[in-house]
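Chemist: Input sequences plus hints: build the corresponding full structure.
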Amino acid sequence: MSVFTKAYFLLLLITLALYLFKSRKMGTYSRHIIALMLLWLLTTITAIFLSSYAGFKNNLFVFHILTPVEYGILTLLFNHVIMNPFVKKMAKLSILPFFVLCMLSAFFLQPVTENNAYMIITESVIIVFLSLYYLREIMILQHVTELHRFPMFWITVGLLFYFTGNLLIEGMLNYMIKHSMTLALRSYRLGYIFKYLLFILFITGAGFSKRTQLLPETNYY
Amino acid sequence: MGSNENDIYVMIITVTVVLLILLIFIVSFLFIYKNRQVRHLLEIESMKKRYAQEILKTELEIKEQTLKNISEEIHDNVGQVLSLAVLNLSAIEFTDTGKASAKVEKTTRLVEKAIGDLRNLSKTLDAENISSLGLVAIIKSELDQLDKTGVYHTVFNCSGDERRLNGHEELILYRIIQESLNNIIKHAKANRIIVNLSFLPEKTTIDIADNGTGFNDRPDVKDRIYENGSGLKNMKKRAGLIGAELMISSKPGAGTTISISLPANNQKPNQVL
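Residue numbers (the numbering used here), protein chains in the order written: chain A, 1 to 221; chain B, 1 to 273.
Just so you know, the hints here were simulated from the structure itself, not pulled from any lab data.
By construction, the Cβ of each residue, glycine as well, lies at the ideal position given by its N, Cα and C atoms.
Be aware that one or more of the hints could be misleading.
[Said to hold, decoys possible] To give a feel for the contact side, a few chain A residues facing chain B, derived at Cβ under 8 Å:
(1) M139
(2) Q142
(3) H148
(4) V157
(5) G165
(6) L190
[To be verified] Computed far set for chain A versus chain B, every beta-carbon distance over 10 Å:
(7) A7
(8) Y8
(9) K92
(10) L104
[Said to hold, decoys possible] Lysine-lysine pairs mimicking BS3-like chemistry, simulated, CA-CA at most 30 Å apart:
(11) K34/B - K195/A
(12) K34/B - K88/A
(13) K34/B - K25/A
(14) K113/B - K63/B
Modeler: This is the structure in structure tokens:
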């Protein structure tokens, strides 16, 4: 196991433990984050087990399963926090088509033996859009007294950071794989920066969870 | 290999730039949010002040109108009756006991009428006792006053389950009704006034209709009427203050109707407080 993976595991476990510990004090959104952490933990362990212990040469199919489930959890998270009924509905309704799209992509575009870059890019674009939309809502509604102490702000920023990075890396990954596997692996490892940042921002959010203060909600629609 | 290393440097620089952009985004977001929040709070404060000032102004206007009504009542009614009583007393001839006794009797009736009128005057509404009486009693009382003049025939219809509105809502609605009735007296040349008050589950509606001269409700004519001091602009503004909607419909020769619709408490999108 590389140093990058060890650091990833450590941060993942700290984040998961923190959210499990603070879930009662935090909003319902903490459940989505816990589900996401558990999913990542499970897929990472499975991927490592398959490649290192079970003798699988290719464990990329695990990530073909991870992407739609991860998308489902995240859209449900945004469906829970976003207030615009139309965006909420669209986010929820997009889960099934995304699942179907993932399956079609696995059958016809990028088989399970390849990296599912197209679907990760699609997912990243939608999550970046939802993150930006939610941040816009926070700005307009002004229902948070101290924004830097509002966990969902840090969670959203973390997701925005992470999926923007994902977009960049996954966008280039297929091109790099064609040119050099070493370079592709190096750039893939760069993706860890975004993962670490995501965990740090999630931890920051959980750290402030106790003192969050919300003003009565103002409906502006 | 050299090319690969160059590529990885480009990648590192790109990631760094993206991170920097995102960090700047976060800092700017927090900064803009804070500024917006301060502006938002100041706006709320100023709205609260404006609202309080408007309520105070409404109360003063109601008081002023009440004093005007009292002074008119004293001058036109009580004053006249008492003058007549004085005239009667000064004309008494004590030589003719029968006539004198009749005049004293007549004077007593006049003084009793004056006392009755004064008692009614003491019941005249002002801002303080509106809250204790409620909208229905207020409207009834206003229409009774007009009925008493003999110039107007008034009709009041109340439907639905009567409920009390909050103090500020009743105060503002009362002032709007008062102002509408004033406009009828001043401009409408009407002799019939109908007021309909409906308590619906989702809203409270008030319609004040007269059979006066009316006016053309083309937008340009309406604008002119709004500007010429008839108080319509102010009435509309005040209605908005409590989340109510005020509409005016009129036709030349067919009278004017002022309709106010106040949503129930949970359905007020424009309410300031």
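Chemist: Taking the hints in turn, state whether each one holds.
Modeler: Structure-based check of all given hints:
1. M139: The hint holds - M139/A has a Cβ within 8 Å of chain B, the shortest such distance being about 6 Å.
2. Q142: Holds, about 5 Å.
3. H148: OK, holds: H148/A within 8 Å of chain B, min 6 Å.
4. V157: Holds: closest Cβ of chain B sits about 6 Å from V157/A, inside 8 Å.
5. G165: Status holds, d = 7 Å.
6. L190: holds (6 Å)
7. A7: holds (17 Å)
8. Y8: Holds: least Cβ distance 16 Å, greater than 10 Å.
9. K92: Non-interface label stands for K92/A: nearest chain B Cβ at 26 Å, farther than 10 Å.
10. L104: About 30 Å separates L104/A from the closest Cβ of chain B, which puts it past 10 Å; holds.
11. K34/B - K195/A: Holds, at about 28 Å.
12. K34/B - K88/A: Status holds; Cα separation ~26 Å.
13. K34/B - K25/A: holds (25 Å)
14. K113/B - K63/B: Roughly 25 Å between the alpha carbons, so the hint for K113/B and K63/B holds.
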